[in-house]
Amino acid sequence: MADDQKTTRLKCALVVRGAFDAHVVPAFAAAGGRAAIDWAPTAVIMKALQGGETADAVFVLSDAMDRLIAAGQVEPDTRVDVVRSRYGIAVKAGAAHPEIGSVEALKRTLVDARSVAYSRTGASGIYFAGLLPRLGLAEAVNARATIISQGFTAEKLVSGEADIAVQQISELMVVPGIEVVGPFPEPVQEVTTFSAAILRGTTDRDGALRFLAGLTTPEAAAAYRASGLEPAF
Numbered sequence: 199m200a201d202d203q204k205t206t207r208l209k210c211a212l213v214v215r216g217a218f219d220a221h222v223v224p225a226f227a228a229a230g231g232r233a234a235i236d237w238a239p240t241a242v243i244m245k246a247l248q249g250g251e252t253a254d255a256v257f258v259l260s261d262a263m264d265r266l267i268a269a270g271q272v273e274p275d276t277r278v279d280v281v282r283s284r285y286g287i288a289v290k291a292g293a294a295h296p297e298i299g300s301v302e303a304l305k306r307t308l309v310d311a312r313s314v315a316y317s318r319t320g321a322s323g324i325y326f327a328g329l330l331p332r333l334g335l336a337e338a339v340n341a342r343a344t345i346i347s348q349g350f351t352a353e354k355l356v357s358g359e360a361d362i363a364v365q366q367i368s369e370l371m372v373v374p375g376i377e378v379v380g381p382f383p384e385p386v387q388e389v390t391t392f393s394a395a396i397l398r399g400t401t402d403r404d405g406a407l408r409f410l411a412g413l414t415t416p417e418a419a420a421a422y423r424a425s426g427l428e429p430a431f
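Heads up: take any position in the sequence shown, counting from 1, add 198, and you land on my numbering.
Be aware that a few hints might be false.
[As the list claims (entries may be wrong)] Just the calculated beta-carbon pair ranges, DEER-fashion:
#1 Gly328 / Lys245: 17 to 23 Å
#2 Gly292 / Ala220: 21 to 27 Å
#3 Arg265 / Arg318: 18 to 24 Å
#4 Gln203 / Ala303: 49 to 55 Å
#5 Arg312 / Arg398: 44 to 50 Å
#6 Leu335 / Asp219: 31 to 37 Å
#7 Val301 / Ile267: 31 to 37 Å
#8 Arg398 / Arg318: 27 to 33 Å
#9 Ala293 / Ala234: 35 to 41 Å
#10 Arg423 / Gly334: 31 to 37 Å
#11 Thr252 / Glu302: 43 to 49 Å
#12 Arg232 / Ser347: 27 to 33 Å
#13 Gly328 / Ala303: 18 to 24 Å
Derived by calculation from the structure, the hints in this document are not laboratory data. None of the values given here were measured: they were computed from a predicted structure. Even for Gly, the Cβ is constructed at its ideal location relative to N, Cα and C.
Put together the whole structure using the sequences plus the hints.
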């Protein structure tokens with residue numbers, strides 16, 4: 199018999215990969231849904247949508263969602279703010295944890311690192327690239343940085359290419375074999391909110407509605423907290 203079950207297609211920022219894998223996607227499947235997720239940084243997702251790619255729902259930074267609403271690309275009434283995220287630092291498991299409790303300590307850690315890994319297109323990397331000149335460290339850090347196009351920076355700790363990784367804390371936690379040292383100190387921290395909504399032109403609106411409903415359950419909230427995120431609902 200032919201498989202006529204619809205697949206709900208989503209474009210999602212990497213920040214919720216851990217929580218989605220641990221709970222959200224399995225819960226959706228247990229309720230009879232089937233999801234296909236295209237994982238990418240918000241900037242890459244926005245470029246894909248501008249280029250004509252489609253999906254049933256999208257999960258991106260809240261300011262990007264504002265732009266999608268203004269452009270008429272999503273159904274605004276379906277928008278839900280899902281999580282808040284903070285930037286942090288990680289090292290390879292077993293490595294000494296550097297001091298990052300103050301801005302000056304963070305600066306020393308970044309300068310002393312053999313190589314700092316960050317993402318060129320992810321929200322964390324874009325923020326970090328802008329932070330370095332403010333700290334007076336752009337030349338010193340970038341001369342030895344390991345900059346990835348997208349993905350999980352902590353993988354470069356495991357491979358030995360870097361000894362410090364910078365990313366959203368929840369994204370750092372996805373990678374086995376690393377340890378999160380902690381968040382950026384508050385004076386240079388930025389809390390980012392991520393939102394979901396249904397895209398106009400969806401071919402599985404019912405599935406997308408069910409998936410979005412599963413993003414704000416108590417069980418989902420627990421999964422977000424366990425993966426280093428704060429529920430935004």
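Going through the hints against the structure:
1. Gly328 / Lys245: 17 to 23 Å: Once the Cβ atoms are compared, 19 Å apart, the range 17 to 23 Å for lysine 245 and glycine 328 holds.
2. Gly292 / Ala220: 21 to 27 Å: With Cβ atoms ~24 Å apart, the hint holds.
3. Arg265 / Arg318: 18 to 24 Å: Hint holds: Cβ distance 20 Å, inside 18 to 24 Å.
4. Gln203 / Ala303: 49 to 55 Å: holds (53 Å)
5. Arg312 / Arg398: 44 to 50 Å: holds (47 Å)
6. Leu335 / Asp219: 31 to 37 Å: This hint holds: roughly 34 Å between Cβ atoms.
7. Val301 / Ile267: 31 to 37 Å: At roughly 35 Å between Cβ atoms, isoleucine 267 and valine 301 fall inside 31 to 37 Å, so the hint holds.
8. Arg398 / Arg318: 27 to 33 Å: holds (30 Å)
9. Ala293 / Ala234: 35 to 41 Å: holds (37 Å)
10. Arg423 / Gly334: 31 to 37 Å: Roughly 35 Å apart at Cβ, these two residues keep to the hinted range, so it holds.
11. Thr252 / Glu302: 43 to 49 Å: For glutamate 302 against threonine 252, whose Cβ atoms are near 48 Å apart, the range 43 to 49 Å holds.
12. Arg232 / Ser347: 27 to 33 Å: 29 Å Cβ-Cβ, so the 27 to 33 Å window holds.
13. Gly328 / Ala303: 18 to 24 Å: holds (20 Å)
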